[in-house]
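Q: One-letter residues, chain by chain:
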Amino acid sequence: MAGLAATFGSGAMTNTIACIEKAEVILITGSNTTENHPVISTFVKRAVTRRGAKLIVVDPRRTRIAGFADFYLRQNLGTDVAWINGMMHVIIKEKIYDRDFVAQRTAGFEALKQMVEKYTPEFVESITGIPAEHLTAAARLYASGRPASILYCMGITQHTTGTDNVKCLAALAMLCGNLGVEGGGVNPLRGQNNVQGACDFGGLPDVYSGYQKVADPAIRAKMEKAWGVSGLPEKPGLKVTQMVPAAGEGRIKALYVVGENPLVSDPDLNHAEHCFKHLDFLVVQDIFLTETARMADVVLPSACFAEKDGTFSNTERRVQRVRKAVEPPGQARDDWWIVCQIATRMGYPMQYENPQAIFDELARITPSYGGLSYPRLEKEGIPWPCPTPEHPGTPVLHQGMFTSGKGVFFAIEYIPPAEVADTEYPIYLTTGRVLYQYHTGTMTMKTEGLNERAPECFVEMSARDAREHGLQHGDRALISSRRGSIEVVVQISDQAAPGTVFLPFHYAQAAANRLTNARLDPVSGIPEFKVCAVKLAKAA
Amino acid sequence: MAEAPQNRIVINGNTWTFEPGETLLEVARRHHVDIPTLCHLKGATPTGACRICVVEVEGAATLMASCATPATDGMVVRTESPKVVAARRQILELMLASGNHNCTIRQTVEQDWSRFQMRVQDEDQAVELCPVWGDCRLQDLAFRYQVTARNLPPAETVYPMETVNPFIVRDFSRCIHCGRCVQACNEIQVNNAIRFGYQGTRSKIVAGDDRPLKDSDCVFCGECVQACPVGALVEKDARYRVRPWQTTRVRTTCSYCGVGCQLDLHVADGRVVKVTGADVAPNHGSLCVKGRFGFHFIHDPERLTTPLVRDNGQLREATWDEALDRVARRLGEIREQHGPDSLGVLTSARVTNEENYLMNKFTRAVLKTNNIDHCARL
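Which chain is which? The protein sequence lines are R and F, in order.
Mapping to numbering that gives the first Met the number 0: the first sequence position 532 is 531, numbers consecutive.
Mapping to numbering that gives the first Met the number 0: the second sequence position 260 is 259, numbers consecutive.
A few of these clues could be false.
Cross-link-like lysine to aspartate or glutamate pairs, in silico, EDC-like; alpha carbons within 16 Å at most [to be verified]:
| hint | chain 1 | residue 1 | chain 2 | residue 2 |
| --- | --- | --- | --- | --- |
| 1 | F | Lys367 | R | Glu223 |
| 2 | R | Lys378 | F | Asp278 |
| 3 | F | Lys213 | F | Glu161 |
| 4 | R | Lys234 | F | Asp340 |
| 5 | R | Lys112 | R | Glu412 |
| 6 | R | Lys234 | R | Asp205 |
| 7 | R | Lys117 | R | Glu412 |
| 8 | F | Lys203 | F | Glu155 |
| 9 | F | Lys235 | R | Glu447 |
| 10 | R | Lys323 | F | Asp268 |
| 11 | F | Lys367 | R | Glu233 |
| 12 | F | Lys213 | R | Glu447 |
| 13 | R | Lys445 | F | Asp236 |
| 14 | F | Lys367 | R | Asp205 |
| 15 | R | Lys323 | F | Asp263 |
| 16 | F | Lys213 | R | Glu451 |
| 17 | R | Lys224 | R | Glu360 |
| 18 | R | Lys445 | F | Glu301 |
| 19 | F | Lys235 | R | Glu451 |
| 20 | R | Lys378 | F | Asp263 |
| 21 | R | Lys234 | R | Asp215 |
| 22 | R | Lys94 | R | Glu109 |
| 23 | R | Lys445 | F | Asp299 |
| 24 | R | Lys537 | R | Glu486 |
| 25 | F | Lys273 | F | Asp134 |
Far from chain F by the CB rule (all over 10 Å, computed), these chain R residues [unchecked claim]:
| hint | residue |
| --- | --- |
| 26 | Arg73 |
| 27 | Ile91 |
| 28 | Lys94 |
| 29 | Ala106 |
| 30 | Pro130 |
| 31 | Asn269 |
| 32 | Val395 |
| 33 | Pro425 |
| 34 | Pro521 |
Partial list, derived from the structure: chain F residues whose beta carbon lies under 8 Å from chain R [what the hints assert, rightly or not]:
| hint | residue |
| --- | --- |
| 35 | Arg309 |
| 36 | Trp319 |
| 37 | Lys360 |
These aren't lab readings, by the way, just hints derived from the structure by calculation.
The beta carbon of each residue, even a glycine, is placed where N, CA and C say it ideally should be.
The whole structure should be built from the sequences, with the hints applied where relevant.
A: See below:
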C-alpha cells in the first residue's frame with residue numbers, strides 16, 4: 000500500500016472488480032488468482048474467453064490462471080523491479096506510451112526514462128531469466144490495449160523490495176495512461192475479508208481512521224475533541240513486524256492480540272516464539288484457542304462473522320454490511336463489546352447501544368466514509384470515498400486528477416532479494432496459500448471436506464529438482480533454511496520452476512514460516528515471505 | 000422512404016418499447032411478464048435447449064424460444080396462449096418422464112412405482128421423496144401447468160449416483176439435461192470441468208473423460224449446484240436435511256478473502272446449515288469452495304465459549320468480570336511501570352470496521368500509544 004500511496008496519494012485498489020471485465024489487456028503478477036481470489040479470477044477468465052481480452056501472467060509458478068494467458072513469463076524470485084523496468088524500457092524506446100497522460104498528469108518522467116535506459120530486454124533476461132523476446136512482446140501487448148488493468152497480490156509485496164515493486168507497477172500503468180479509466184488501474188487484491196477496513200480505521204501505527212496522520216497536530220486536536228481526551232501520542236507507533244522483535248528485546252511488555260495467529264503467520268517463527276515468551280502479559284481475543292492463544296495470560300472468547308452486525312470493506316473499497324444470523328456459543332461476545340468493557344474498566348467509559356451507533360461515530364470523523372450509513376448500505380455496498388450523504392461512492396479512483404495532484408514516477412534500480420541461493424542452501428523457497436485452506440487454517444480446518452482436499456503440508460517442486468535430490472512424488476522430504484527445518488510430503492508439479500520450490504503456510508505442524516526470512520521491506524515493514532534459500536533432503 | 004424503426008413490440012396485448020438486441024424474454028421480464036425458463040442462466044449464452052420459454056409470434060410458423068429470439072419492430076407476441084400452454088405441458092411431461100421425478104405422483108400407491116424408482120430410492124437410503132421437494136423449478140412448473148406424467152413410465156438412468164466427493168452429490172436419475180450446470184462451470188466460473196457427454200438416451204453431464212468430480216478439474220465452487228433447477232446436484236451436507244420452509248436466510252458478507260462476496264446464510268434451529276451466493280455486486284451469485292462449503296467452523300465444538308485466565312502456568316476458565324478486570328489491571332500496571340509505549344495492540348483484518356475503529360480509539364485514547372497494527376503485512 001505504501002508504494003501506491005507514494006505514487007498516487009492513495010493506497011487502495013484503484014478500480015472495481017467489475018472493471019476487470021472491461022479491460023482490453025490484463026496483467027497479473029504475484030497473484031495465484033484462481034486459488035486465492037477464486038471469484039475475482041472468474042472476471043479475468045470471462046474477459047479472456049468470452050470477450051477476447053489479452054492476458055499476461057508474470058509469476059515464478061505456472062499457476063492455473065497462466066493457462067489462460069497469451070503470455071506467461073516466469074521470472075526468477077525477487078526480480079520484479081527488473082522485468083517491470085524492462086517493460087517500461089521497451090515501451091519508452093518504441094514510443095508506444097501515452098504522451099498526453101504523461102505530460103498532463105505525471106511528474107518525474109525524464110528521470111524514469113534515463114534510469115530504465117539500461118534495462119534492455121537482454122540485460123533484464125540476465126537477471127530475471129525471462130527471454131528477451133518474450134518480455135518485448137509482452138510489453139508491446141500491454142501498451143497496445145487500452146484500458147489495461149494490473150492485478151497483483153502478496154507475490155509482489157512480500158519482498159524486501161515490495162514497495163519498490165508496487166511503485167514500478169504503478170509507473171507502468173501511468174506510462175500507458177491506464178489510471179482514472181474504467182477497465183484500467185493498479186489493483187492490489189486483498190487477502191483477508193477486512194484488511195481494507197483494518198487499514199481504513201486506524202489499525203496502523205501512523206494514522207487514525209481515514210488515513211489521518213497521528214503526526215499532524217490539527218488532526219490530533221480533532222480526535223482529542225471527538226473522543227473527549229487530551230494528550231494523544233504524536234509519535235507514530237511500531238509496526239507488527241517491529242513489535243514482535245521489540246518484545247524479544249524487552250521494549251514491548253504487553254500485547255493485546257485480536258483475531259490473529261502470529262505464531263503461525265509470522266516470519267521466522269522460531270524467533271517469533273522466543274519473542275512472545277518474553278512478554279510480561281499477553282491477551283488474545285479469538286474464536287478458537289489458536290497457537291498464539293495457548294501462550295496467552297488471558298484468553299477472551301469472541302463472536303465470529305455470522306454472529307455479529309457490522310460492516311467489512313472489501314478489496315475494491317466497497318463497504319458492505321455484516322448481519323447477525325446466529326447466537327455466539329456459550330459466553331462468547333462481540334469484539335466491540337469486549338474492548339468497550341476493558342476501556343471502561345481502565346477509566347474511560349466506552350458505551351454504544353449497537354454497531355450502528357459506532358458506525359455513525361466513525362462516519363462523523365472519517366471523511367472518506369462521511370456519507371455512509373446503515374440505511375444506505377442496506378441493499379448493496381458502496382465503494383469509498385463517499386464524503387456526503389448525496390455522494391454515489393467512487394468506483395474508479397484518480398479520475399481527472401490524482402489524490403495527491405500529479406502521479407509520481409519513481410525511478411528504481413533493481414536490488415537482489417535479502418537472501419540468495421548459495422552452495423549450502425542452493426534452492427529458492429517461496430510460500431503462499433492453496434485453494435482449500437485459508438491462512439493459518441483455524442477456520443477451514445474445521446470443515447472435513449476441505450481437509451480431505453488439502454490434508455497436509457507439501458513441498459511443490461519440479462521433476463528436475465526431485466530427481467537431483469533423489470526424491471519421488473509422495474516421499475517425505477526434510478527442507479531446511481538457516482532458521483529452521485520441517486518435514487513435508489513431496490509433490491512433483493509442472494507449476495514449479497527448476498530451482499524454486501513452494502510451500503503453503505497454513506499448517507502449524509509443518510509451518511513454512513519456520514524457514515522464512517524475517518527481513519523487512521524498509522518502508523512497508525512487510526517481511527520477505529516470498530524468497531529465501533533452502534536445502535532439500537530425503538527425510539530419514 | 001422507409002419509416003424509422005420505432006422499436007415497439009406487443010406482448011399479450013400491451014405495447015412496449017425495446018432496446019435493439021434485447022431478446023423477447025428480456026423485454027417481457029423487464030415489464031414483469033413471467034415467461035417460465037429452465038435452461039436460461041443469467042450471464043450465459045442462451046441455448047434454447049429446454050424450450051419451456053416458447054411463445055407464439057404472430058406470422059411465425061412455429062413457436063419461438065423467447066430466450067434466443069431477438070425482439071424486432073412490430074412483433075406481436077403471446078406468452079400464455081393455448082398453443083403455448085399445450086407445448087409447455089408436453090415439454091414438462093417429457094421431462095418428468097425422463098428420469099426419477101416422483102413428486103407429481105405422490106398420491107400413487109407404492110405398487111405403482113417402477114423398479115427403477117425403487118432402486119434409486121434404495122440407493123439414496125432416504126425415506127423422503129426428493130432432496131429438493133419444495134425447492135425445484137420443475138416441480139413448480141409441473142404444478143403451474145398441472146402436469147402429472149402419470150401415463151408415461153419414467154425412463155431409466157443407467158448412471159449410479161456419485162457421492163464420493165465431500166461436497167456435491169450428483170444424482171443422474173434426476174437430471175433433466177438443461178445444461179445450466181455446464182454453462183455455470185464453463186461460462187460463468189470458467190473452470191471448464193464438466194460438459195455434455197455421450198449421445199441420445201445415454202446422455203450424461205461428465206467431468207473430464209467421465210470421472211468422479213474429485214478426480215477431475217472441478218474446484219468445488221458449487222456454481223453448478225446453485226444453477227441446478229432440480230435435484231440432480233445438491234450439497235452433500237444439506238441433502239434431505241435442509242428444507243426451504245424450515246430455514247431463514249440472512250444476507251451477509253463472506254469472511255474469507257478480500258473479495259467480500261455477498262452470501263445468504265441459511266439458518267435452521269439457530270445453526271447455519273447451508274450457504275448460497277447472492278446476486279448482487281461484487282460476486283453476482285458466485286462463490287468459491289471456502290465461502291460456500293467452509294462454514295463448519297461457526298458451530299465447531301472447539302469454539303472458545305468462556306474466558307480463560309492463566310494461574311500457576313495453566314489456563315483455567317474464568318468469569319467475564321474476572322478476565323476483564325485482570326486485563327484492565329495488568330495493562331494499567333505495565334503502562335504505569337514502563338510507559339504507554341511498552342504496550343502494543345494487534346487489531347484484526349477479520350473483525351468489523353466498527354471493531355477496528357474502537358481498537359484504534361482504545362489504543363490511542365486509553366492506552367495512549369500508537370503501537371497498533373494488524374496482519375496486512377503477513
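Q: Are the hints correct? Go through all of them and say.
A: Right, here's what the structure says about each hint:
{"no.": "1", "hint": "Lys367(F) - Glu223(R)", "verdict": "holds (12 Å)"}
{"no.": "2", "hint": "Lys378(R) - Asp278(F)", "verdict": "holds (11 Å)"}
{"no.": "3", "hint": "Lys213(F) - Glu161(F)", "verdict": "holds (10 Å)"}
{"no.": "4", "hint": "Lys234(R) - Asp340(F)", "verdict": "holds (10 Å)"}
{"no.": "5", "hint": "Lys112(R) - Glu412(R)", "verdict": "holds (12 Å)"}
{"no.": "6", "hint": "Lys234(R) - Asp205(R)", "verdict": "holds (8 Å)"}
{"no.": "7", "hint": "Lys117(R) - Glu412(R)", "verdict": "holds (10 Å)"}
{"no.": "8", "hint": "Lys203(F) - Glu155(F)", "verdict": "holds (13 Å)"}
{"no.": "9", "hint": "Lys235(F) - Glu447(R)", "verdict": "holds (12 Å)"}
{"no.": "10", "hint": "Lys323(R) - Asp268(F)", "verdict": "holds (14 Å)"}
{"no.": "11", "hint": "Lys367(F) - Glu233(R)", "verdict": "holds (10 Å)"}
{"no.": "12", "hint": "Lys213(F) - Glu447(R)", "verdict": "holds (14 Å)"}
{"no.": "13", "hint": "Lys445(R) - Asp236(F)", "verdict": "holds (14 Å)"}
{"no.": "14", "hint": "Lys367(F) - Asp205(R)", "verdict": "holds (13 Å)"}
{"no.": "15", "hint": "Lys323(R) - Asp263(F)", "verdict": "holds (11 Å)"}
{"no.": "16", "hint": "Lys213(F) - Glu451(R)", "verdict": "holds (10 Å)"}
{"no.": "17", "hint": "Lys224(R) - Glu360(R)", "verdict": "holds (13 Å)"}
{"no.": "18", "hint": "Lys445(R) - Glu301(F)", "verdict": "holds (9 Å)"}
{"no.": "19", "hint": "Lys235(F) - Glu451(R)", "verdict": "holds (14 Å)"}
{"no.": "20", "hint": "Lys378(R) - Asp263(F)", "verdict": "holds (13 Å)"}
{"no.": "21", "hint": "Lys234(R) - Asp215(R)", "verdict": "holds (10 Å)"}
{"no.": "22", "hint": "Lys94(R) - Glu109(R)", "verdict": "holds (14 Å)"}
{"no.": "23", "hint": "Lys445(R) - Asp299(F)", "verdict": "holds (7 Å)"}
{"no.": "24", "hint": "Lys537(R) - Glu486(R)", "verdict": "holds (9 Å)"}
{"no.": "25", "hint": "Lys273(F) - Asp134(F)", "verdict": "holds (14 Å)"}
{"no.": "26", "hint": "Arg73", "verdict": "holds (22 Å)"}
{"no.": "27", "hint": "Ile91", "verdict": "holds (33 Å)"}
{"no.": "28", "hint": "Lys94", "verdict": "holds (36 Å)"}
{"no.": "29", "hint": "Ala106", "verdict": "holds (28 Å)"}
{"no.": "30", "hint": "Pro130", "verdict": "holds (28 Å)"}
{"no.": "31", "hint": "Asn269", "verdict": "holds (16 Å)"}
{"no.": "32", "hint": "Val395", "verdict": "holds (14 Å)"}
{"no.": "33", "hint": "Pro425", "verdict": "holds (27 Å)"}
{"no.": "34", "hint": "Pro521", "verdict": "holds (13 Å)"}
{"no.": "35", "hint": "Arg309", "verdict": "holds (5 Å)"}
{"no.": "36", "hint": "Trp319", "verdict": "holds (7 Å)"}
{"no.": "37", "hint": "Lys360", "verdict": "holds (6 Å)"}
Checked against the numbered hints above, the structure breaks none of them.
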